[in-house]
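Peer 1: Single-letter residue listing:
Number of protein chains: 4
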Amino acid sequence: MIKVSIIGATGYAGAELVKLLLQHPKVTLTHVTSESHQGLALSEVYPHLFGLTNLILESLQNLPTIANDSDFIFIALPHGHAMKVGLALQDTPVRIIDLGADYRFNDTTIYETWYHVPHTHPNAPSVYGLAELNREAIKTAKIIGNAGCYTTASILALAPLIQHKLIDTNSIIIDAKSGTSGAGRSPKQDTHYPEFYDAFKAYGVATHRHTPEIEQALSDLNGAPLLINFTPHLVPMSRGILATAYATLHAKVTDDDVTKTFETMYGKEPFVRLRGEGAYPNTKYVRGSNFIDLGWHIDPRTHRVIVLSAIDNLVKGAAGQAIQNLNIACGYEETTGLQLVPMYP
Amino acid sequence: MIKVSIIGATGYAGAELVKLLLQHPKVTLTHVTSESHQGLALSEVYPHLFGLTNLILESLQNLPTIANDSDFIFIALPHGHAMKVGLALQDTPVRIIDLGADYRFNDTTIYETWYHVPHTHPNAPSVYGLAELNREAIKTAKIIGNAGCYTTASILALAPLIQHKLIDTNSIIIDAKSGTSGAGRSPKQDTHYPEFYDAFKAYGVATHRHTPEIEQALSDLNGAPLLINFTPHLVPMSRGILATAYATLHAKVTDDDVTKTFETMYGKEPFVRLRGEGAYPNTKYVRGSNFIDLGWHIDPRTHRVIVLSAIDNLVKGAAGQAIQNLNIACGYEETTGLQLVPMYP
Amino acid sequence: MIKVSIIGATGYAGAELVKLLLQHPKVTLTHVTSESHQGLALSEVYPHLFGLTNLILESLQNLPTIANDSDFIFIALPHGHAMKVGLALQDTPVRIIDLGADYRFNDTTIYETWYHVPHTHPNAPSVYGLAELNREAIKTAKIIGNAGCYTTASILALAPLIQHKLIDTNSIIIDAKSGTSGAGRSPKQDTHYPEFYDAFKAYGVATHRHTPEIEQALSDLNGAPLLINFTPHLVPMSRGILATAYATLHAKVTDDDVTKTFETMYGKEPFVRLRGEGAYPNTKYVRGSNFIDLGWHIDPRTHRVIVLSAIDNLVKGAAGQAIQNLNIACGYEETTGLQLVPMYP
Amino acid sequence: MIKVSIIGATGYAGAELVKLLLQHPKVTLTHVTSESHQGLALSEVYPHLFGLTNLILESLQNLPTIANDSDFIFIALPHGHAMKVGLALQDTPVRIIDLGADYRFNDTTIYETWYHVPHTHPNAPSVYGLAELNREAIKTAKIIGNAGCYTTASILALAPLIQHKLIDTNSIIIDAKSGTSGAGRSPKQDTHYPEFYDAFKAYGVATHRHTPEIEQALSDLNGAPLLINFTPHLVPMSRGILATAYATLHAKVTDDDVTKTFETMYGKEPFVRLRGEGAYPNTKYVRGSNFIDLGWHIDPRTHRVIVLSAIDNLVKGAAGQAIQNLNIACGYEETTGLQLVPMYP
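Residue numbers (full-length UniProt numbering), protein chains in the order written: chain A, 1 to 345; chain B, 1 to 345; chain C, 1 to 345; chain D, 1 to 345.
Pulled out of the complex, with its shape left as it was, chain A reads as follows:
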């Protein structure tokens, strides 16, 4: 048993972490923090947890005590805050899994350009926390920058095609759609129920912050920089991301070539479900689980490939992925505590 704590437990990603950690057989959840709700029981803020935990929300000011009582610390704070925690803990033995963006970039100047805040912890001993691409580095990292939600869906959809050089890397367009839980728990005008139901729109066109994160991972695989178009949309649902990725295939690439790259890269991955060519992944089929489902289509008329990927943004896109990283970092079986059957219907 290891001891873990959550800094920022009252956002949706934090609450999902609590859920999954309470069911994890090798973990004890010891501390949870929230600045806005400190002093309250976690189950007062999230009544679904009534009777399941007695944890009281603490202030981040208790960080030294918390760190002393934790082997791992998950951070689920808005960007810009995790790096302060990372710096504060740099000389302690505690290891960190950050669910935000602060530790996702190799080049912190890119972070600064897109996030509009200075990065105060460059050269941190951190790795990018997407197990399917970076498993070895995760095992021993001090800090794991857990991959983002849209980015997980987008990168894993295209990684095989780029790694195997099947597509024109100037042709990539990712049209992504997310449920509203990804926008957080704070009520806002456009996520107010009467405004949000029976409504559909795009946002952040050409400016969304997951763009450079996707480009970083795909450029690494490509061995050379590439640029993409990434367009997120809000779906009137709670959980789930579907990414529809478009790219032009190189001449003579066949359907079989495409299928083989997926099988080669993901054949042994415990959380990647290859639905196959012609398949239509549905966010509903992965809801509540750590799976990513992948399907792909080739249009013979335009010689484009269209890859579809589906995840639960709060699980494979956040808390589940974080626990997958924890399992790797602890040397546990990667699926420990993550053998989650999707909720249906």
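No lab work stands behind these hints: they were computed from the structure.
Honestly, I wouldn't trust all of these hints.
Any copy will do: because identical chains look the same in the list, a pair fits if it lies in one copy or spans two.
[Said to hold, decoys possible] Below 30 Å or equal to it, Euclidean Cα-Cα: the simulated DSSO-like pairs (lysine-lysine) are: (1) LYS84 <-> LYS26; (2) LYS84 <-> LYS165; (3) LYS84 <-> LYS260; (4) LYS142 <-> LYS260; (5) LYS26 <-> LYS3; (6) LYS84 <-> LYS3.
Start from chain A and add chains B, C and D according to the hints.
Peer 2: Okay, now just chains B, C and D, sitting in the frame of chain A:
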């Protein structure tokens, strides 16, 4: 490890049983049947199960083989069909948990009146499968007639008040609301998405078949027959039942008297969460779990008590309750495989 | 053509008024106010109105000018604010239709008890604005206190039975369910989309402020005071109220007696649709229209009558009713501008 | 007043036609047909119409009588059926507006390739019914092939850019999202409420039948054939289509160039609302209206333009567009009966 099978695995209750049994540490799921989809993989009919099970749907004609290979059989068939299975297995050692109505009535003439079919297995060695009221009898029963969804929510809301004689038993009105998963998986006009969303209506007023089941349990507690009004409604959501139960308190009954009856009856129940006087249970807080949440209110102007109860109709109202009964029948810890944290949001 | 203005145009009731008035053939909408958004175009606050109106939101400080330029003023402000406007306009010729609670009570001490604010305009020249009960008085009233949403659905469901003395007036229970638009446009935690969808709960049990308003109207019909239980619930949808009203029939009252009272009272009403005995009104069937649909059921076992009523809370429960009152007050055909076909699906 | 009839009035497009025609000041709706519900009152099949129309559903066998009693006939039948009606009426004076695909293609071999049925009425006196592109031809046409839903949203998003030669016509990708009303009224497994809510998926990748219709219109504007990728998705909502269209701008094309093409082409269109560069059209803002809202974005990094368009698929994508065409064909003001304020919220 015991071996269990599911007769009728492709309805929603069946699928929820599959989900929960796949995660149960002391159970192996050996057979699943479906007449309409026999020969298909279960994961073809329910793609969310892709990669989680290799079970193939069999025909009920294989019942003898299935029974030989099972310690327990769950039946999730429309009413009228389970009794055939019960009869066929009466001389085998296999024990049965029926999620339908066939084995819920002490007096099968009541069943015949409300369900409009003859009962071909009267005097069956069956008990009513609502653990909070009937735990002892469940331990050794050959056949367990798992309590219905509306009935679980309704009976548990009122049981303490009746047992402790706090209310006028002629004054009971239960106004209940259910998500659409309770209406089954077959697509129908009025559960077609465009018709069902942003819509609300009642149905089955004064005629719903859960009425006599509620009356049976409450009359037993009362020690004398009683009649109720029960009105179900369809909520544009998938899972969840909220029952709003009204009754007139006897003169001089106080708030404290009411609260004490709930605490006395349910204080040690693992799946009953007493939210207390003035509380508002929400179906969302129990979704995906086996909990029933209870809150109660007293109107001093009319001296009525209003009890609110919330369950997930597919879990505490069907599959979870069935496993709770299985655990009792097997002598397992009652919460085995049912330590489910609700999905939120 | 008359000139009308809206005080408080940026709540949902105000926006629905704008929609309906823009389509009304005998009305010019001249002014709209909003304290929080003054100076903005109405179509900036409500982008669906883009291109349909050039009105700019003014401050209530412009009230004298607005009154000079209006024959009628609609007020759609939170309770406690309309009476200030009413007082300010008492010596002007402008007539007022208040969509809030300030002018709904004959006895302002009841208002003060339930709304917890002093009433500063008692003995106002106001009438209760529910046309089906009070048409004559509305014709000439200076101030019309437009009936509330839950109250319209509840009162019209029971009025015929009380007027014709068919029910025990001590037995009335109204279990009502509303979409979330009734809770206003301000985003709140519990109407945040991820919290609200796939969720169902009650609120305001035994304390909701529409209780005394229902009691006032039903007591008037009864000729003697009566008390009711009223329980509101929140449905995961936007528009619509369904009220399920229960009462015990007097001995010997028959199904025909019940049906006749509805036909007698509402046979000529343009907005009351009698669906008949055994019918199930659905909020979807009235969405976007000014109709109230009524169905009724009699349980021969308990001799209770169950009446079901459905309205669109923003139309017949607010803006549509206000225009119905306007039409009456102006001597227009009552259906002018209200011949709205429900939106389906 | 003209007389119009609807062949196939019980699908969603037919029902929306009924709604709009009942409110149209210059039209009398004389006949409605339905093979599956003939003999029933329309208001039995669509209870929201109760009290609004007494029309009885007739069989198509009455076509001669119906044609005699109609100036215009709307056809809302599945593809393959309208051409039979068109042929039967070719020697009558009645004019036809077909909401299906049968009369949308200049080259009926393309129709046959994508729809897999022989076209039995080639060389029909028909025109493509998209007013913004084809207004003159519509005025006098015998048969109008009303543009499809996805196609309207897609074509109008890209038409200005192609007409003004701003984009690489080999680079067009249209990622479209639709509410479920577009899939019709017949209940199906994947539009069953519990399956469809909180779910998102693509379908018809590289094979959807609206692809050649979009290509036809854009190729005509282009003056040369072009191919596109079109990917539809199902959104858990009822009404609305959002199309996200991508194309690579020619070198040196500026933001202003793009904006000017939209203003030039659509500045005087009554139903096109130009939201401008940087805007995010939302399906909610057009729901229930005949508007198409357009916004556009330019990514300076990739020099792609992203155009967003939103319509109500049943109005501008079907019934509203049909009435717009009717108005043009009759010489009425184009907005007659279509001055619809969107329903919000």
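Peer 1: One pair to classify: LYS84 and LYS165, alpha carbons no more than 30 Å apart. Within, between, both, or neither?
Peer 2: Close neither inside one copy (39 Å) nor across copies (51 Å); limit 30 Å.
Peer 1: Under a CA distance limit of 30 Å, which applies to LYS142 and LYS260: within one copy, between copies, both, or neither?
Peer 2: neither (35 Å within a copy, 52 Å between copies)
Peer 1: Is it within, between, both, or neither for LYS26 and LYS3, if the alpha carbons may be no more than 30 Å apart?
Peer 2: Both. Shortest intra-copy (9 Å) and inter-copy (27 Å) distances satisfy the 30 Å Cα cut-off.
Peer 1: I want to check one pair: LYS84 and LYS3. Are their C-alpha atoms no more than 30 Å apart within a copy, between two copies, both, or neither?
Peer 2: So LYS84 and LYS3 pass the 30 Å test inside one copy only (21 Å; across, 53 Å).
Peer 1: Can you tell me if LYS84 and LYS260 fall within 30 Å by alpha carbon in one copy, between copies, both or neither?
Peer 2: Neither: 44 Å inside a copy, 48 Å across copies.
Peer 1: For LYS84 vs LYS26, is the C-alpha pair at or below 30 Å within one copy, between two copies, both, or neither?
Peer 2: Classified as within; 28 Å inside a copy, 45 Å across copies.
In summary, the structure is inconsistent with hints 2, 3, 4 from the numbered list given earlier, while agreeing with the others.
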